[in-house]
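Going down the list, the protein sequences come from chains A and B. Okay, so the first sequence: first residue is 1 according to full-length UniProt numbering, each after it adds one. Okay, so the second sequence: first residue is 1 according to full-length UniProt numbering, each after it adds one.
Hints were generated in silico from the structure; no laboratory data involved. Check before you lean on any hint, since a few could be wrong.
[Unchecked claim] Chain B regions said to be covered by chain A (calculated; three or more residues, Cβ under 8 Å):
hint, stretch
1, 74-87
2, 177-184
3, 246-257
4, 273-279
Remember, predicted model here, so these are calculated numbers, not experimental data. Note that the Cβ used here is the ideal one computed from N, Cα and C, for glycine as well.
Single-letter residue listing:
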Amino acid sequence: MLKGVNINFSYDKKGVSENILNDVSFEINTGDFIGIIGTSGSGKTTFIKHFNGLLRASSGELYLNDQNVYDKSFDLFQLRKEVGLVFQYPENQLFKKTVIEDVMFGPMNLGMLEEEARIVAERELKFVGIDEDLFSANPMELSGGQKRSVAIAGVLAMSPKIIVLDEPAAGLDFYTKSRIFDLLKRIIAIKKMAVVFVSHNMEDVANYANQVWIMKQGTLISKESVQTSFSRDDIIDLAGMDVPEVTKLTKDLIDAGIPLKSISTTVDNAEKSLSDLFKKNRGH
Amino acid sequence: MIRIENLIHRYTIWNDQKEQSKKIAIDGISLNIKQGEFLAILGSNGSGKSTLAKHLNALLLPSEGTIEVDDLDTSKEENLTEIRNKVGMVFQNPDNQIIGTNVEEDVAFGLENKNMPSDYIQKRVVECIDTVGMSDFSKTSPTRLSGGQKQRVAIAGALADDSQIMVLDEPTSMLDPKSRSEIIDVLHRLNAENGMTIILITHNTDEVVAADRIVLMNGGKIVGKGSPTEVFADLELLRKIHVEIPQIIELGERLRNAGFPLSDPVLNEQQMAEELTGIWKVK
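Please put together the full structure from these sequences, using the hints given.
So this is what it looks like as structure tokens:
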């Protein structure tokens, strides 16, 4: 659906060009749930800004459904419509007097008539779990999690095929965070979209993503499944990240000679593999 | 020593300049915090934990009740300077609290404001930057620092002011995992080596397992307190107030329920690895 080939991006700083992205290639397809991790300053945010054309690569190609986005004849409007970007703390960008007007703003900007935009906005607000009696409330009166859901509804109202979120869980407590991630799961399952999110929380990535992209100084050093990525100590270390506690535990147990088949990345998985193994052992 | 007695805080919600309603953010809290204690305050969004933090150095004043910092009542204006000297604050977003053009200047800001002699300032700044492990970056511009490094500079700034108590309101929530553990390590070191009182407000539960005491907040009230061992023995309460349970503690509960003879709770990964290896060897 969206494909980048050898994307480079550099800023000009006092005549010296500073590389922020180095030869990054990637592909995003329907059904993907991709977590991008990397330390602050590794280029994650700069990277995702290329997905909907907010930034233009200094060199390299970007294809949307096999059309070259950087061709003169390509209408960037198409890219903006298909790839929705949700920034960090999107609730700070809610600005209309009512929740529904805020969600209607995007589609109307794309040329939709008010009547139709209202229907779409109502549908998406319901989808993200906002009660009907809040539609005409002032966005400022909502809780943090509700505001974030409204911001996501605002992007969904433009019917994108890919939704890209920068730190969707930042500042949210555990309960609110799991509701946001459950919403992202539903977006993939029901709307048949792709979800890409930037995170510094390895547990969130392990619990929800099916692919992990690891960034280090503007280079994508790994694009693998969660299981494969988290078992690569060298890459995790190089990226300055840290695996979840259960992953550390299962690694330590394997090192201590306990014959677990593989590392675990979630509590569910650790519980199951430890119970199975110890039960079998007791059986002998 | 901080003494909080029957603290109530009401926010006024304004609508078009007409006072609309009052919202109770803190609803009757009493708590004593000892000098040298490492106290963690846990609670979900809206539990009142940040409002409580802002009372500790008089950024907010009680609607009812009292707060005393070393016997100084925070509601008395004449105590304000002394209280702010004693209690340093570090907030969530590192970018909002750095002002100097390099690390040294930033750390010196508070001391210069107090008209301290310049050789004292210089000596003190070097010491404090060293304490947080940032000596290699003394002349570096804050824009070149990572989020975790900026938070360490903010902590050094509070240290330079001779704060004896440091209140940190979700200092790690915008940081990556490595930077997070750097900050938590610095806090434990300041607590152990300098005897500094640390009050850490967070919803990252894995940061609190090494605290002396944990206070649980929900709906503006304290709903539980105790040592990590005590607090993490009642997981039902934590779930009820929407506080995340650290992975190892959660796994420990599930394995115990499945018949594994593990301690209750198993607080950290090393302990879990040792206990499981022990069980495996016995067979």
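Hint by hint, here is what the structure shows:
1. Given a C-beta distance limit of less than 8 Å, the hint that chain A covers the stretch 74-87 of chain B is violated, as 0 residues qualify and 3 are needed.
2. Given a C-beta distance limit of less than 8 Å, the hint that chain A covers the stretch 177-184 of chain B holds, as 4 residues qualify and 3 suffice.
3. Coverage of the stretch 246-257 of chain B by chain A holds. Counting CB-CB distances below 8 Å, 7 residues qualify, and the rule asks for three or more.
4. For the stretch 273-279 of chain B, the proposed coverage by chain A is satisfied: 4 residues have a C-beta within less than 8 Å of a C-beta in that chain, meeting the threshold of three.
Checked against the numbered hints above, the structure violates only hint 1.
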